[in-house]
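Student: Each chain, written out:
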Amino acid sequence: MDGAEFLVKFLENKGVEHIFGYPGGSVIYLYDVMDRSPLKHILTRHEQGAVHAADGYARATGKMGVCIATSGPGATNLVTGLTNAYLDSVPLLAITGQVDCASIGSDSFQEADIIGITMPITKHNYLVKDIEDLPAVMEEAWHVAQTGRPGPVLIDIPKDLFKAEFDFTSLPKQIITRKTPRKNSLEEQLEKVINLLKEAKEPLILAGGGVISAKASAELKEFVNYTNIPVVTTLMGKGSISEEDAGIIGMVGMHGKPTANLALSSCDLLLAIGTRFSDRITGNPKEFLLGSTKIHVDIDPAELCKNIEADVPVVCDAKKFLRKVIDKLQEKKIKLDLGPWLTTISHWQEKYPLCYEAGPGLKPQQVIQEVSRKAGEEAIVVTDVGQHQMFTAQYYPIKSARKFLSSGGLGTMGFGLPAALGAALGNPEADVLLFTGDGSFQMNIQELATLALNNLPVKVFILNNECLGMVRQWQELFFEERYAQTLLNGNPDFVRLAEVYGIKGLRIVNPGELQTKVEEALQHRGPVIVECAVDPRENVFPIVPPGGKPNEMLGRWQGETHISRIS
Amino acid sequence: MRHTLAVLVENQPGVLSHVSGLFSRRGYNIESLVVSETEDHTVSRITLVVEGDEQVIEQVTKQLNKQVEVIKVNDITNEEIVERQLLLLKVSADPADRQEIMQIVDIFRCRIVDIGRRSLVVEATGDEKKIQAIIKSLRPFGIQELVCTGSVAMLRGQK
Ligand SMILES: Cc1ncc(C[n+]2csc(CCOP(=O)(O)OP(=O)(O)O)c2C)c(N)n1
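So the protein sequences, as listed, match chains A and B.
With numbering that gives the first Met the number 0 applied, the first sequence closes on residue 566, and no number is skipped along the way.
With numbering that gives the first Met the number 0 applied, the second sequence closes on residue 158, and no number is skipped along the way.
Please note that a few of the clues may not be correct.
Computed list of lysine-lysine pairs in DSBU-like fashion (alpha-carbon distance at most 30 Å, straight line) [said to hold, decoys possible]:
(1) K191(A) to K71(B)
(2) K65(B) to K13(A)
(3) K65(B) to K191(A)
(4) K39(A) to K220(A)
(5) K197(A) to K13(A)
(6) K220(A) to K128(A)
(7) K65(B) to K178(A)
(8) K178(A) to K61(B)
(9) K158(B) to K89(B)
(10) K61(B) to K191(A)
(11) K89(B) to K178(A)
(12) K71(B) to K128(A)
(13) K334(A) to K191(A)
(14) K319(A) to K89(B)
(15) K65(B) to K323(A)
(16) K62(A) to K65(B)
(17) K220(A) to K319(A)
Here are the computed distance ranges between Cβ atoms for each label pair [claimed, not checked]:
(18) E480(A) to L15(B): 50 to 56 Å
(19) E308(A) to L154(B): 28 to 34 Å
(20) L85(B) to G104(A): 50 to 56 Å
(21) K319(A) to L85(B): 32 to 38 Å
Every beta carbon over 10 Å from chain B, so not counted as near; a handful from chain A, in silico [said to hold, decoys possible]:
(22) N12
(23) G104
(24) L341
(25) V508
These are calculated hints, taken from the structure and not from any lab test.
Bear in mind that the values here come from a model prediction, so they are computed numbers and not experimental data.
Where is the CB? At the ideal position from N, CA and C, for every residue including glycine.
Turn these sequences into a full structure, and let the hints guide you.
Tutor: Here it is as structure tokens:
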């Protein structure tokens with residue numbers, strides 16, 4: 000057996016079905032072998048498309064995403080996608096070809112030191128230099144990408160190793176590194192956690208992406224049902240619990256719901272689970288929630304006390320943590336009385352609802368709401384990056400985990416289209432809805448070919464405001480309305496563009512045609528592109544100006560026509 | 000404060016770049032770093048001297064622990080340890096000064112390892128404090144060249 004045959008067999012044995020990639024000199028032979036195997040390879044039109052597609056596939060299914068690129072430019076095209084997956088803790092395996100062992104270091108054709116380049120943006124990476132090491136490296140890479148806090152792992156394989164013959168059966172299955180088992184600090188902290196919960200008058204749960212990674216949604220729901228503690232989520236935690244359940248307030252942060260941010264600012268006990276306290280949530284970390292006690296639970300010890308000093312740091316998986324705490328509360332028959340706190344929250348919800356002004360023209364929020372009303376619960380919602388992303392987070396309630404896919408940590412424009420097609424391949428039954436902007440969409444627009452070729456049921460809603468809306472908004476609010484380089488003149492006609500690719504194209508201009516066109520799009524079986532000509536001046540509110548406190552939001556409050564600070 | 004960390008890692012290519020890359024990426028200050036194989040040839044030991052407050056050192060330790068090839072991180076700053084650096088120092092030595100320099104070398108229990116016409120090369124081992132003291136004492140004569148290793152450290156045996 001040679002290296003390529005081993006690799007293909009390895010992936011098959013691990014249950015991999017789809018691989019995203021792009022061939023080239025150093026991986027020709029690998030592709031040759033792979034094409035004769037049951038693995039389904041999706042040829043994207045750019046390596047960035049491949050890595051985002053693998054990422055979307057992983058986010059939507061909870062399985063490993065796998066992508067392949069050739070040496071040099073192929074490998075360097077993965078960089079943004081790897082960083083994106085790293086910051087959002089997505090399990091990915093990226094396999095890159097490398098020049099032959101003997102040529103490494105000589106600047107030979109299409110040689111790039113992808114190990115050096117990706118060291119800070121992968122959970123781990125390997126350069127395989129000896130065919131004998133391949134099995135152990137693959138086994139370990141597979142393990143590392145999925146264990147603990149997941150993340151992308153890159154394996155760089157010199158081209159001669161794909162053809163190198165070796166008797167792989169002679170090697171025991173093994174992992175190369177040994178680590179001292181990590182301490183789980185739940186046992187030591189459990190009593191403190193229980194006591195704090197018992198004493199709390201105004202507790203709040205902040206659920207992050209870790210709840211989804213740990214598959215802890217059922218436990219979170221059970222915990223909330225038992226304690227009645229209200230929940231806010233991060234962008235990454237959206238869908239960790241149904242946003243339509245009672246007591247689920249919604250997203251916090253720079254563009255969070257007013258009540259969510261108010262609750263965050265006033266709680267006396269914050270139970271943060273599977274979140275890293277990003278600056279989009281904390282504002283200035285030195286002034287974040289000085290008056291409240293914080294319990295911070297995360298599987299990655301390095302996240303505890305990194306951005307925010309926690310009173311009770313707990314190194315633990317979200318699922319295990321919640322299970323233990325529920326059992327303990329039940330065993331001790333502890334019940335929380337949160338009446339007044341819940342009343343305050345519903346009072347805020349009445350006074351500060353999320354709202355926008357309906358206008359004569361089409362509003363982006365309106366499109367999102369209409370789609371959310373018409374699409375089924377099983378739909379997977381994907382976003383790109385910008386205003387439309389925040390509108391989707393605000394106005395599209397998500398009912399379960401892995402149904403909202405968005406580039407959180409890196410904020411990568413161009414993530415949406417390839418991620419949506421990856422999600423569609425991973426969930427052939429589900430409708431996939433992509434909300435994108437005219438800017439983001441054009442960053443990986445070449446993947447329309449992949450979408451069309453595979454006839455994937457992705458419904459693309461381009462909220463076309465003819466500008467880089469989010470940046471334009473900052474210019475309006477913080478740069479005295481100087482719109483430097485944010486107007487996108489020269490956009491193509493997206494409907495005709497769709498048709499050129501053989502994709503159904505629709506256009507919505509007036510609010511009056513919204514309903515019928517959305518229905519038409521959703522009923523179409525294959526891919527559809529719906530260009531929505533939305534109000535170019537619409538802004539995302541509320542907004543917590545950068546570095547501010549969560550409750551210092553600017554927005555348009557009930558009945559007001561101007562933007563003001565909440566008070 | 001200055002902390003000494005003893006880090007056991009897999010003896011594999013790439014380990015050192017993973018560890019040192021971590022420091023530059025996260026903006027930690029390394030004062031010195033020494034790597035060597037240990038009694039077990041599959042394991043290397045990195046002795047790191049890092050400057051930082053408790054919070055920084057805690058982050059450094061946690062981030063090191065996250066590296067796949069790191070087996071164990073020990074902060075041995077407050078332990079009973081033997082710590083040594085090796086110093087080579089070429090000092091100007093006119094005949095008139097030689098006697099005095101030799102006395103200093105004696106007092107610090109260093110060695111003269113090379114004698115030139117106008118200079119002496121002094122070899123010394125010791126902890127950071129001792130090495131600094133030697134350098135300070137020899138400076139007035141004129142230091143022509145100086146090279147020093149980072150610290151290596153080991154826990155003392157149980158008494
Ligand atoms: C790759 C990349 N480049 C630049 C940015 C900075 N950026 C953030 S949002 C944004 C505008 C996005 O425009 P569009 O996709 O049209 O969405 P809109 O905000 O108009 O809804 C830009 C340029 C980014 N996030 N990602």
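Student: Each hint needs a verdict: does it hold in this structure or not?
Tutor: Comparing the hints with the structure gives:
{"no.": "1", "hint": "K191(A) to K71(B)", "in the structure": "holds (28 Å)"}
{"no.": "2", "hint": "K65(B) to K13(A)", "in the structure": "holds (25 Å)"}
{"no.": "3", "hint": "K65(B) to K191(A)", "in the structure": "holds (26 Å)"}
{"no.": "4", "hint": "K39(A) to K220(A)", "in the structure": "violated (37 Å)"}
{"no.": "5", "hint": "K197(A) to K13(A)", "in the structure": "violated (45 Å)"}
{"no.": "6", "hint": "K220(A) to K128(A)", "in the structure": "violated (48 Å)"}
{"no.": "7", "hint": "K65(B) to K178(A)", "in the structure": "holds (10 Å)"}
{"no.": "8", "hint": "K178(A) to K61(B)", "in the structure": "holds (13 Å)"}
{"no.": "9", "hint": "K158(B) to K89(B)", "in the structure": "violated (39 Å)"}
{"no.": "10", "hint": "K61(B) to K191(A)", "in the structure": "holds (23 Å)"}
{"no.": "11", "hint": "K89(B) to K178(A)", "in the structure": "violated (44 Å)"}
{"no.": "12", "hint": "K71(B) to K128(A)", "in the structure": "holds (26 Å)"}
{"no.": "13", "hint": "K334(A) to K191(A)", "in the structure": "holds (16 Å)"}
{"no.": "14", "hint": "K319(A) to K89(B)", "in the structure": "violated (62 Å)"}
{"no.": "15", "hint": "K65(B) to K323(A)", "in the structure": "holds (25 Å)"}
{"no.": "16", "hint": "K62(A) to K65(B)", "in the structure": "holds (22 Å)"}
{"no.": "17", "hint": "K220(A) to K319(A)", "in the structure": "holds (14 Å)"}
{"no.": "18", "hint": "E480(A) to L15(B): 50 to 56 Å", "in the structure": "holds (51 Å)"}
{"no.": "19", "hint": "E308(A) to L154(B): 28 to 34 Å", "in the structure": "holds (31 Å)"}
{"no.": "20", "hint": "L85(B) to G104(A): 50 to 56 Å", "in the structure": "violated (31 Å)"}
{"no.": "21", "hint": "K319(A) to L85(B): 32 to 38 Å", "in the structure": "violated (48 Å)"}
{"no.": "22", "hint": "N12", "in the structure": "holds (22 Å)"}
{"no.": "23", "hint": "G104", "in the structure": "holds (13 Å)"}
{"no.": "24", "hint": "L341", "in the structure": "holds (36 Å)"}
{"no.": "25", "hint": "V508", "in the structure": "holds (48 Å)"}
Consistency with the previously given hints fails for numbers 4, 5, 6, 9, 11, 14, 20, 21, ordered from lowest to highest.
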